[in-house]
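Got chain A; can you put chain B on it based on the hints?
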Amino acid sequence: MKVDFILNGEDVSCQADAGERLSRILRDTFSLLGVKEDCRSGHCGLCLVTLNGLAVPACLVPAFRVRGAEVVTIEGFKQTEDYEYIRKGFEKAEAEPCEFCRGAVFLSTAALLEERPRPETPEILENLSAVFCRCHDPESLVRGVKSAAELRARRMNFRANR
Amino acid sequence: MARDRKSPLKADLPLSDIREEGMVHVVTVRSPSCRGRITAVEVPRLPRGYRALGAGDIPGENQLPILGTEIPILARDRVSYVGEPILLVAGPDPDVLERIRQEVRVVVLEEEPILEWESFSTEQVLLERTAILGDPDKAFETAAEVLEARFRTESQEHLYPEPQGAFAAFEYDKLVVRCATQWPFHVRACVRSVLGVKPQEVVVRPTPLGVPMEGRLWYPSVLACHAALAAVLCGKPARILLSRDEDFRYTPKKARSLVALKAGVDSQGTLSVLDAKVVLNTGAYAPLASELLEQACLHAAGSLAVPNLRVRGYAVRTHTPPLGAFSGMGAAHTLFAVEAFANRIARDRQEDPLEWRNRHILRKGSVLITGEPLRDRTSFDAIGQRLKAASDFQRKYGSNELIRKRRSTSRSEEAPRGIGIAFGYQANGASLTSLSSESFTVEATLNKDLSLSISTSAIAGDEGIRAIWRSTAAGILGIPLGRIAVSEVDTGDVPDSGPSVLSRNVAVVNKLIERCCVTIRSRRFRSPLPISARSVHRPRNPLRWEKESVKGYPFESISCGGAVVELEMDPWNKEPRILGTWLCVDGGRIASERFARSTLSASTLSALGQCFRERLPIEAGAVSVDGYREYGLLSLAEAPTIEIEFLPWDETDPIKGIGELPFLCVPAAFAAAAEQASDLAIDRIPFIGEEFVTGELG
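Keeping their order, the protein sequence lines are chains A and B. With our numbering, letter number 28 in the first sequence gets 14, and the count goes up by one each step, no holes. With our numbering, letter number 4 in the second sequence gets 1283, and the count goes up by one each step, no holes.
Chain A extracted, bound-state conformation (with noise of 0.2 Å):
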């Protein structure tokens, strides 16, 4: 079937069976190595993608669902603004999830930004929970959360402002 959908913010089309996983069109059709390869089973949460800003693993995640949708993976999310914020948000709290789960776990706080602006420390850490990693220090990961919280928080104060 065809498969039309926003990837990015730019429109797509591609040829994929009905049940094909998105994490496998994700990488195999369009590249975005960013969404690891993934468990088929929706474990690890490491091929974290947002589909219509809800953060879903992509391997959970039929083709026939995404057509028409609006699917940011984190190749995506790094050329927005938001991305930004998160980074240095965690560069700020010495939080470094690993390079195998960092991508899953930006993805993940941005999702939950956008919904709790504010989140407190169990909010947070049953958001990330949707990512499995043996690297994770729950301690450094709410800090990184709520410091990407904090600078979200000024610039939305900074845009009002003006």
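Accuracy of the hints is not assured; some may be wrong.
[Stated by the list, open to error] To spell it out: a stretch of chain A is covered by chain B in this simulated footprint if at least three of its residues, at any positions, have a beta carbon under 8 Å from a beta carbon of chain B; those stretches are:
#1 14 to 23
#2 38 to 52
#3 57 to 67
#4 103 to 113
#5 117 to 123
Calculated from the structure, these hints are not laboratory results. Note that beta-carbon positions come from the ideal geometry of N, C-alpha and C, so glycine has one too.
Positioned in the frame of chain A, the structure of chain B alone reads:
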């Protein structure tokens, strides 16, 4: 030299992201049986561009000597576990390969597999170790009371951030192999041997490792051989990348253990004698069995100094996938047992476990099971005091005990609480028996622009290790951290620094960097720049385990630690909920407190998961088909507060490895807390609460 990031042969990319024009994928046809003789391998007619590779196609050696044992790269006549590689199929399309794999028919004349390991037969014993200190038999005769317990640890999955695999391709006249490994020169040696070529014809450039949990020491070498074989025989770049399910079911896991302990105490409750029987199920082939068994036996008395001690250790072969190393290699098995046992003895005698331990604690000069006095100072007293203050241990323990005793008469709906403590020590730079004759090297060069280049094949799993190396060099040479570079690992360019395991990156490699820098400093204004220095480490003599006695000093230094775990347990489904974890560490000088804290915190989370979530049932010799999907993890949402404290150090103290301490201390602290909360005997991790619920109902 910085790598060309665009070339798949050099780019700093995860293995799964490495692709090259014309690359063939490789899939593995595996044994359907635990044990038997292969009578036929029927391969369907293959499409053009596809090729099947069996043991007969290997130009060099098929039997690889790996860390004290021999492993076939591809099974030729016999199979020893479900999933053992028999045939490789290489070709351009992964979907076609998968179809071919389904169509290949392997016929095995099955034999009765040996799966029992706790009551093992002599033919199963790979290694046997016996060590005796003092006169245990006499001490048991005079003991006022003799106590016994048996503790088990089950298998565990490493859960790497990326499944195992390897990539191989020619670069001019060399074969470049890429994989996530803790030991690049081991990969090179294995590939060289399988292809029957010279060492310099193979170059290994590792891909990012993630957190290896000591599981990427030797198995990547096997997959590297598969990829190399396909690349050479197909004449194209080749990549093998296991699926999550495949990795989960067929690659090595943590060894299973049974530790049977028998203790004699005198009328004052003082431990006078300990007898430990350690059985490790190392599955099929069992590389690293000697290292695991030695570490397990060495730590059999845990943080306790016992005058009379007997340890009998057995590494036992079974027809399950290879079981071996995990963080806390070997030591974690016995430390869980002996520290949990110590807590139980103290509780049965109605003594505070901390006070009971203080009477037995291992100190500098205490005689080890090896017969040598401990040369390092230990800091268990200080660690105990700090943990007590930070967690309010004594008050909580006393109050929980009161509630526990009352519980036997009145049933409450409230979730009962428990708190437990345990100590442990991490051996730094412990000799690997199988490496005892090797020597390992690090080089450093102070360049003309006053920058420093460090050249080593040691793999830094995270930025923290590189930060330690740079900080060490900066401290000696007085140059800014930003001007110190650690070279990319390429076996063609860097010296062999040995495997990155057992804290060697800190205890050995860092020391070699230190020595190089001291040499450079001494030549600094006497020789023109650039100045290069080379430092070589020759491991100590390995432990000499004999049938009746043990001699030798088995490690460079030790790092001490302790943990307190507080939890509450659902009274109905026996599901624990961790309320808090406290860790106190004496790791010498802490080069980067931020990295140390972060590493310990992440390891503590994994260690807690190991205690009650990460269940890996191996039934009929195989990990279940749905194993990966059913494997429970301790999620961040369940993460308790983890408080970490470092004992004070001064700048002259050595830097030591500390990353394994949570795996050594947390499980026994968890078991003690869970016992107090539940009144159950927690003698196995992972603890599975529902088993006890079923038991009660039944």
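So, going through the hints one by one against the coordinates:
Coverage of a stretch by a chain is defined here by at least three residues with a beta carbon nearer than 8 Å to that chain's beta carbons; for the segment 14 to 23 of chain A and chain B the count is 3, and the condition holds. Here's how the segment 38 to 52 of chain A fares: 0 of its residues keep a CB closer than 8 Å to some CB of chain B, so the rule of at least three is not met and the hint is violated. Requiring three or more residues with a Cβ within less than 8 Å of a Cβ of chain B, the coverage given for the segment 57 to 67 of chain A is violated, as only 0 such residues are present. A stretch counts as covered by a chain when three or more of its residues have a beta carbon under 8 Å from one of that chain; for the segment 103 to 113 of chain A and chain B the count is 3, and the coverage holds.
Remark: the segment 117 to 123 of chain A is confirmed as covered by chain B, as 6 of its residues place a Cβ nearer than 8 Å to a Cβ of that chain, reaching the required three.
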